[in-house]
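Those sequence lines, one after another, are chains A and B. The numbering of the first sequence is this note's numbering, which starts it at 1 and goes up by one. The numbering of the second sequence is this note's numbering, which starts it at 1 and goes up by one.
Worth flagging that the hints you see were computed from the coordinates, not collected in a lab. Just so it is clear, the structure is predicted and the values come from calculations on it, not from any experiment. Every residue, glycine too, gets a C-beta built ideally from N, C-alpha and C. Each hint should be verified, as a subset may be incorrect.
[Said to hold, decoys possible] With a Cα cut of at most 27 Å, we get these calculated BS3-like pairs of lysine-lysine:
| no. | chain 1 | residue 1 | chain 2 | residue 2 |
| --- | --- | --- | --- | --- |
| 1 | A | Lys-389 | B | Lys-389 |
| 2 | B | Lys-661 | B | Lys-426 |
| 3 | A | Lys-292 | B | Lys-661 |
| 4 | B | Lys-222 | A | Lys-449 |
| 5 | B | Lys-615 | A | Lys-526 |
| 6 | B | Lys-426 | B | Lys-615 |
| 7 | A | Lys-526 | B | Lys-234 |
| 8 | B | Lys-449 | A | Lys-511 |
| 9 | A | Lys-659 | B | Lys-234 |
| 10 | B | Lys-389 | A | Lys-362 |
| 11 | A | Lys-234 | B | Lys-661 |
| 12 | A | Lys-487 | B | Lys-362 |
| 13 | B | Lys-487 | A | Lys-222 |
| 14 | B | Lys-222 | A | Lys-389 |
| 15 | A | Lys-514 | B | Lys-449 |
| 16 | B | Lys-222 | A | Lys-537 |
| 17 | A | Lys-526 | B | Lys-389 |
| 18 | B | Lys-493 | A | Lys-426 |
| 19 | B | Lys-234 | A | Lys-449 |
| 20 | A | Lys-514 | A | Lys-449 |
| 21 | B | Lys-573 | A | Lys-493 |
| 22 | B | Lys-178 | A | Lys-178 |
[What the hints assert, rightly or not] Chain B stretches covered by chain A per the calculated footprint, using a threshold of three residues with CB under 8 Å from any CB of chain A:
| no. | stretch |
| --- | --- |
| 23 | 150–157 |
| 24 | 305–316 |
| 25 | 425–436 |
| 26 | 525–536 |
Now for the letters of each chain:
2 protein chains.
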Amino acid sequence: MASTVRKTFIFSLLSLLYLFSIVASHQHRHPLDPLTPSEFNLVRTIIENSYSGSNHSLTFHYVGLDDPDKQTTLSWVSNPNTTLAPPRRAFVITRLDKDTHEIIVDLSTNSIISDQIYHGHGYPLLTSNEQVAALQLPMTYPPFVESVKRRGLNLSDVVCSTSIVGWFGEAETSRILKIPCFYIDGTVNLYMRPLEGITVVVDIDEMKITGYYDRFRVPVPKAGGTDYRASEQKPPFSPQLRTLATMQPDGPGFEIDGHTIRWADWAFHLGFDVRAGPIISLASIYDLEQQKFRQVMYRGHISELFVPYMDPTEEWYYKTYFDAGEFGFGQSAVSLEPFADCPAHAVFMDGYFAGQDGKPIKISNVFCIFEKYAGNVMWRHTEIGIPGKVIREVRPDVSLVVRMVSTVGNYDYILDWEFKPSGSIKVGVGLSGVLEVKGVSYTHTDQIKQDLYGTLLAENTIGVYHDHFLTYHLDLDVDGVSNSFVKSNLETKRVTDNISPRKSYWTVVSKTAKTEADARIQLGLKPAELVVVNPNKRTKVGNHIGYSLIPGSATSPLLSDDDYPQIRGAFTKYNVWVTPYNKSEKWAGGLYMDRSRGDDTLAIWSLRNRAIENKDIVLWYTMGFHHVPCQEDFPIMPTLTGGFELRPTNFFERNPVLKTKPHKNVYWPNCTTTRT
Amino acid sequence: MASTVRKTFIFSLLSLLYLFSIVASHQHRHPLDPLTPSEFNLVRTIIENSYSGSNHSLTFHYVGLDDPDKQTTLSWVSNPNTTLAPPRRAFVITRLDKDTHEIIVDLSTNSIISDQIYHGHGYPLLTSNEQVAALQLPMTYPPFVESVKRRGLNLSDVVCSTSIVGWFGEAETSRILKIPCFYIDGTVNLYMRPLEGITVVVDIDEMKITGYYDRFRVPVPKAGGTDYRASEQKPPFSPQLRTLATMQPDGPGFEIDGHTIRWADWAFHLGFDVRAGPIISLASIYDLEQQKFRQVMYRGHISELFVPYMDPTEEWYYKTYFDAGEFGFGQSAVSLEPFADCPAHAVFMDGYFAGQDGKPIKISNVFCIFEKYAGNVMWRHTEIGIPGKVIREVRPDVSLVVRMVSTVGNYDYILDWEFKPSGSIKVGVGLSGVLEVKGVSYTHTDQIKQDLYGTLLAENTIGVYHDHFLTYHLDLDVDGVSNSFVKSNLETKRVTDNISPRKSYWTVVSKTAKTEADARIQLGLKPAELVVVNPNKRTKVGNHIGYSLIPGSATSPLLSDDDYPQIRGAFTKYNVWVTPYNKSEKWAGGLYMDRSRGDDTLAIWSLRNRAIENKDIVLWYTMGFHHVPCQEDFPIMPTLTGGFELRPTNFFERNPVLKTKPHKNVYWPNCTTTRT
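Here chain A stands alone, though its shape is the one from the complex (with noise of 0.2 Å):
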């Protein structure tokens, strides 16, 4: 007992020193500033102290930072001097004895404001520490074991991976993962070894295997040829590629204070979420003419992946991830590699998440910023029309990059966020890493006769035909926050004067969407122009000002509506929404994606058509790629990009870099260089 009191006494001497400590720094802290360490170990303290008195199993699903109200935050990026900030909050998913709670954190008062269990399908994210505990248990697990010798292996080479299940119209759930294992014999590379056949079925709330069937065997591939490590390669090797030693003379153009990053005429807030990765907050750009920050983008980040595989097999027709609502896309990220994940002048930050017992996670240098110099033109002209003249003026382009990789697995993420002095924000995707392959029997295309279901890569090794979405949230707030969604068709128009000698053109109609049904497109299929206004702002000749959705990469999805991971991605269906900006609709496949039944989609909150003109409006993005394997992506894949732009469109009055001073010369250097 006097243990007890005299913990509760150290408790709340320390809860106070942390209180002052909170009310100090939150003076100074950014409302949208992701979680410190501090506060994760806060928020953990708070929430077991709230169950202590009995044994009690308490895991924590996701801890990161409740969006604080977006008026009070407007109000206080305004005037931060004179606006009290927006309350710091938790919003935190715990398991507790096999219920799911949510709950919210006043990180100024330090008390839990709300409790609650959640009663509905899916469950929260999966923590690193149980799918390690999951993938260890087939090692000493008999029928495995025995499962392992019958294939001639040794257990000690083997390792284990984790596997979602979805959901396929059960009745009812649990939290189950399929527990994948391959063969490390002779190479790093897990993925391109794995042993076929093999079901295992883990609860991993009781964890323990509830199932398991090994329903055949096939050879497991070769290792020769699939280990990528450097130190394990053999001549003969490709030329050596010449490297480029840079430096800025003038030191890099950006400032980072705190979270907030500010580069040529923009300023916005990089947050990071263990579920989304990166968040950009608050992206506004300076305008020359009208002398001040002008809103564009209020926050952007991913809010789901969806991974079918295309193999309707035992063993494979569940492979349909959805990888930030499942396995946490910032969870997930990977420390970046200097010199090589990102250029030479790149500067990084760290991230923070909280592990399954809620104590902070550091991932270091998990975000690149640097200055992109590709060498392409910004905009140029040469002029020999005015006799006499030759005139010629040339302006380089540079952009600003955030970059974060999320490896989930055997797929590594590249994520940028790029920023053009022109204006756009254009988004960016690298997939590399490991194909997820099939074992087969087959050693050549001719002994096949069936649909195996991808592409023969090697010698018993299919790379499985699958897909990749991916869902970005786009809270734009075009110069304000009330605005609409223009779409402009161009329609082929017939010449009917009889006076023209032409037959034809083509013009613009454009068309406001008036509700959520209006602004469900599908592209491809006609041309349009697609694009934010705010309808309460024009520009002195009166066109509205506005961001065009510039698409890339738009991919429609090719499953059956009805087809049980298209129910559950069916944010997929279409490449662009439009929502009513609502605090709860963040993740498009709903806040619960393990085990989800489809039940809280972007697609059924579209369903209620609701009013999208002149109102705080979200965008939704979905780019994606079909991909069909080939014998390049083994064993590891060239890095396949895509993306999109968010492009100015009569937001300017004139081309904003238009003022852009000429590039300074600058010769080599007279250098020495160190190498390591």
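Mind docking chain B on chain A? Use the hints.
Relative to the frame of chain A, chain B by itself:
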């Protein structure tokens, strides 16, 4: 008479000397090298002398290398030391006394092999001289002088340009141009200050004005805000962008040997043509496993552009440009500005073309070649799935770029051919420069009640809607000359086995195109992989080796098929065509583009529906942009980029850059830098 004898003697002597030098250099000349200044002069002299004796009006409209026989060239490439190079010939189009002549000159025998008059429709490339002469005519034409005066303008501030007139069903045509004029008082940006309402028609064979119409007057848009010269800009200025100083410590990774370029695993030949601009030939890639170079592309170049404006009114209906065939993409190429058009570490090459008098004209710095370090990742993977290890392998990406810029009047086209170590060839197009605008009386959109065929960009200034289509001739020879074109549709399949919990998946259904009709593809409708394969070669596990077309900026025309410009530009109807190799089929709109009637386009050739399976085939790809101008494009456009990729697909046994050595780390050099 004596003078003639002397001239003839001197000429013979000079010819003999020329002959010796040509023969001598012939041994070292690559058969695909563009014509040299000496060769241009030789061609001119030979042709001039063939007409000597009476007064002729002789103008040179096209002088280029006559494509040597493909088989002979390929034989020579395989064995340059023991095989005789194909003879060098020039293909020349002249106008002689108003006839169009097609002439082939043999540069080894210094003789004219053939000289035929072309009796068909259309005319050859316009020359710079005749355009300059034509645009000066209005200045001394009284009605025009009167029109300028009536508008209250000074004739000395008027400059004119040239526009082709196309063909709109006229039974007879002659070589005419229309002359748009502009007002440069207060700016060099002539295009932003059009004198609207005036039509000047010039017959350029007669070189006189044959038509004049001053139909209406509207204000000339103001000069203020239109000048783009750095020297003319006034504060406030945007934040100064920081420079990057670069150096390659080990020097550039490429070697240039005449016109042959070697870099990383690539080798290719770079040519220059007055009509096409850059020509990439004999692109082949070194295969580490096979220990030899393997063919990828025999020749690739721009075949035609099509830039139709969407305004059917009197002064605009005919603005339907075919920039390569009418103006010459090479002829319109401009000198690149070091440190601005290309990175600091780029190298440059000059280009030559023949002027109207046949004499060579040099464009210095017409090409730049540089290694592009955009900070991208070639491939990467972080592996945490093996207990006790964290494995991380990252390779930064480098590519080689060949760049040329062509400025056709107002528009600047930045053309890139990018070679990646992974075996991809990426073609990039950047559009910058100045829009074509139309003068109107309106100063605000509220005043506009009818379709003005464009966007009001500034007071009195409409940016007219238009398209840019660029059609590429891509003679891929995938590991050999005999190829096929395979279209692999991604098709949804329903699961019918009642076992799998899945209801659907997609699979690949491949069809080899047998005839041309099978390979006309409008993109965007159905997802498909498009692969040029070698049906006679397979990888070790049996996949057909190939190169895929990864489309980008795939845009389709919106003009009616029966509209005259669309008849002439019918090659844009499909994004993809495949034809059997035919030496004469180079220019997708036909050999004679000016005033063409569409009777010799790619669409016409394709109607023959020739066999294209397991033959020497050519791929044609059309990319494009529908351009709805916006105020950010005023008074000069930030570069809009697009492009496509040719990517190896089961061409290699495995990832060809797997064994790329990791980048050497280079720290900040201790430097001094020199500035200009």
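Results of checking the hints against the structure:
For the hint linking Lys-389/A to Lys-389/B, the alpha-carbon distance of about 66 Å lies beyond 27 Å, and the restraint is violated. Our distance criterion of 27 Å between C-alpha atoms is met by Lys-661/B and Lys-426/B, whose separation comes to about 23 Å. Between the alpha carbons of Lys-292/A and Lys-661/B the distance comes to roughly 48 Å, so the proposed pair goes past 27 Å and is violated. With a C-alpha separation of about 72 Å, the suggested pairing of Lys-222/B with Lys-449/A is violated against the 27 Å cut-off.
Note on Lys-615/B and Lys-526/A: the hinted pairing is violated, with a Cα-Cα distance of about 35 Å set against a maximum of 27 Å. Between Lys-426/B and Lys-615/B, the direct Cα distance comes to roughly 25 Å. Compliance with the 27 Å bound is thereby established for this hinted pair. The straight-line distance between the Cα atoms of Lys-526/A and Lys-234/B is roughly 43 Å, outside the 27 Å bound, and the hint therefore fails. This hinted pair checks out: Lys-449/B and Lys-511/A have alpha carbons roughly 17 Å apart, not beyond 27 Å.
A distance of roughly 8 Å separates the Cα atoms of Lys-659/A and Lys-234/B; the hinted pair therefore holds under the 27 Å criterion. With a C-alpha separation of about 18 Å, the suggested pair Lys-389/B and Lys-362/A falls inside the 27 Å cut-off, and the hint holds. Between the alpha carbons of Lys-234/A and Lys-661/B the distance comes to roughly 11 Å, so the proposed pair stays at or under 27 Å and holds. At roughly 48 Å between alpha-carbon atoms, Lys-487/A and Lys-362/B are farther apart than 27 Å, so this suggested pair is violated.
A hinted pair counts as satisfied when its Cα atoms are at most 27 Å apart, and Lys-487/B with Lys-222/A does not qualify at roughly 32 Å. Among the hinted pairs, Lys-222/B with Lys-389/A is consistent with the structure: their alpha-carbon atoms are about 22 Å apart, no more than 27 Å. About 23 Å separates the Cα atoms of Lys-514/A and Lys-449/B, which keeps this hinted pair within 27 Å; it holds. Between Lys-222/B and Lys-537/A, the direct Cα distance comes to roughly 24 Å. Compliance with the 27 Å bound is thereby established for this hinted pair.
Simply put, Lys-526/A and Lys-389/B have alpha-carbon atoms about 51 Å apart, too far for the 27 Å limit, and the pair is violated. A threshold of 27 Å between alpha carbons decides the hint, and for Lys-493/B with Lys-426/A the separation of about 35 Å lies outside it, so the pair is violated. This hinted pair does not check out: Lys-234/B and Lys-449/A have alpha carbons roughly 72 Å apart, beyond 27 Å. Of the supplied pair hints, the one linking Lys-514/A and Lys-449/A is violated, its CA atoms being roughly 53 Å apart against a limit of 27 Å.
For a cut-off of 27 Å, the pair hint linking Lys-573/B to Lys-493/A stands: about 17 Å separates their Cα positions. For a cut-off of 27 Å, the pair hint linking Lys-178/B to Lys-178/A is broken: about 73 Å separates their Cα positions. With a cut-off of 8 Å between beta carbons, the stretch 150–157 of chain B has 0 residues touching chain A; three or more are needed, and the interface restraint is violated. Evaluation of the coverage hint for the stretch 305–316 of chain B: fulfilled, as 5 residues show C-beta separations to chain A shorter than 8 Å, against a requirement of three.
Chain A is given as covering the stretch 425–436 of chain B, and this holds because 4 residues of the stretch bring a CB closer than 8 Å to a CB of that chain, at least three being needed. Under a criterion of three residues with beta carbons nearer than 8 Å to beta carbons of chain A, the stated coverage of the stretch 525–536 of chain B is upheld, 3 such residues being counted.
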